[in-house]
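Engineer: Sequence:
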Amino acid sequence: MIEILTPAEVERGRATGALVADILQTLRERAVPGTNLLDLDRWAREMIVAAGAVSCYVDYAPSFGRGPFGHYICTSVNDGVLHGLPHDYALVDGDLLSLDLAVSLDGIVADSAISFLVGQARPAADVAMIDATQRALAAGIAAARPGARIGDLAHAMGTVLIEAGFRVNTDFGGHGVGSTMHQDPHVPNSGRPGRGYTLRPGLLLALEPWVMADTDELVTDADGWTLRSATGCRTAHSEHTIAITADGAEILTLPTRR
1 MIEILTPAEV ERGRATGALV ADILQTLRER AVPGTNLLDL DRWAREMIVA AGAVSCYVDY
61 APSFGRGPFG HYICTSVNDG VLHGLPHDYA LVDGDLLSLD LAVSLDGIVA DSAISFLVGQ
121 ARPAADVAMI DATQRALAAG IAAARPGARI GDLAHAMGTV LIEAGFRVNT DFGGHGVGST
181 MHQDPHVPNS GRPGRGYTLR PGLLLALEPW VMADTDELVT DADGWTLRSA TGCRTAHSEH
241 TIAITADGAE ILTLPTRR
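Going by UniProt numbering, 202 is the number at position 202 of the sequence shown; the sequence numbering is gapless.
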């Protein structure tokens with residue numbers, strides 16, 4: 001299903017996106033050495049409920065997971081890159097943490113992810129990898145406009161990632177959002193320009209480039225959810241929800257405070 005939202009629905013999406021971004025920013029500030037992943041999940045729940053929003057994850061039970069997910073945020077650490085199931089783990093200095101959050105507010109979903117280093121450690125390779133996903137995300141957004149095709153966005157993101165020296169897994173990528181979290185079209189993180197669905201104003205897309213330091217192969221953790229690098233290498237993931245507008249793309253998942 002591909003939804004084209006009305007201007008009123010896009011406006012509601014702006015509120016959802018701001019909520020998602022503000023929650024992620026708050027959790028990033030609280031994610032210090034000693035913070036437990038279960039505390040991050042609890043704080044996410046408290047902020048979602050206080051805003052009158054609904055988690056997209058608690059009852060999420062796709063074919064590839066061991067569902068329902070049962071938590072409010074994905075917390076992927078170090079070699080974990082996607083769908084990280086919160087568990088009893090206290091962060092330590094130098095952990096590379098990815099937080100992925102999707103909520104629905106007033107019937108419209110927004111989805112965003114951030115990766116960052118915990119504490120004071122700043123390994124150059126990790127900083128460069130996170131930066132590559134952020135630059136790829138920016139390139140995908142820059143390519144998004146009415147009349148562009150999904151392949152144009154995929155090509156823009158993949159070019160940045162590949163030129164940065166990463167191999168790209170296209171099994172999991174971006175997707176449409178609207179009244180539900182995962183919709184068509186699928187947006188791979190690499191592809192050929194000029195192909196795929198043609199973008200129209202009112203389309204909401206979650207773009208999410210992610211990479212692993214030395215592989216493009218994933219393995220599933222024993223929890224049935226967390227996807228990790230097959231080699232145990234570090235990983236990074238960046239995501240924004242955007243709205244296609246008459247003259248380009250608007251990022252909906254920006255925090256209201258910088």
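Hints should not be assumed to be uniformly reliable.
Unchecked claim - Between beta-carbon pairs, the in silico distance windows are:
#, residue 1, residue 2, range
1, THR198, GLY224, 18 to 28 Å
2, ASP131, GLU29, 13 to 23 Å
3, GLN120, ALA8, 38 to 48 Å
4, PRO33, GLY194, 39 to 49 Å
5, ARG167, VAL127, 12 to 22 Å
No lab work stands behind these hints: they were computed from the structure.
Ideal placement from N, C-alpha and C gives every residue a C-beta, glycine not left out.
Engineer: Go ahead and decide if the range 12 to 22 Å is satisfied by the Cβ distance of ARG167 to VAL127.
Structural biologist: For VAL127 against ARG167, whose Cβ atoms are near 19 Å apart, the range 12 to 22 Å holds.
Engineer: Honestly, do PRO33 and GLY194 meet the 39 to 49 Å range at C-beta?
Structural biologist: 47 Å, holds
Engineer: Between GLN120 and ALA8, does the beta-carbon spacing fit 38 to 48 Å?
Structural biologist: 46 Å, holds
Engineer: The hint says 18 to 28 Å between THR198 and GLY224; measuring C-beta to C-beta, is that right?
Structural biologist: 37 Å, violated
Engineer: State, for the Cβ atoms of ASP131 and GLU29, whether the hinted interval 13 to 23 Å holds or is violated.
Structural biologist: 20 Å, holds
Checked against the numbered hints given earlier, this structure breaks only hint 1.
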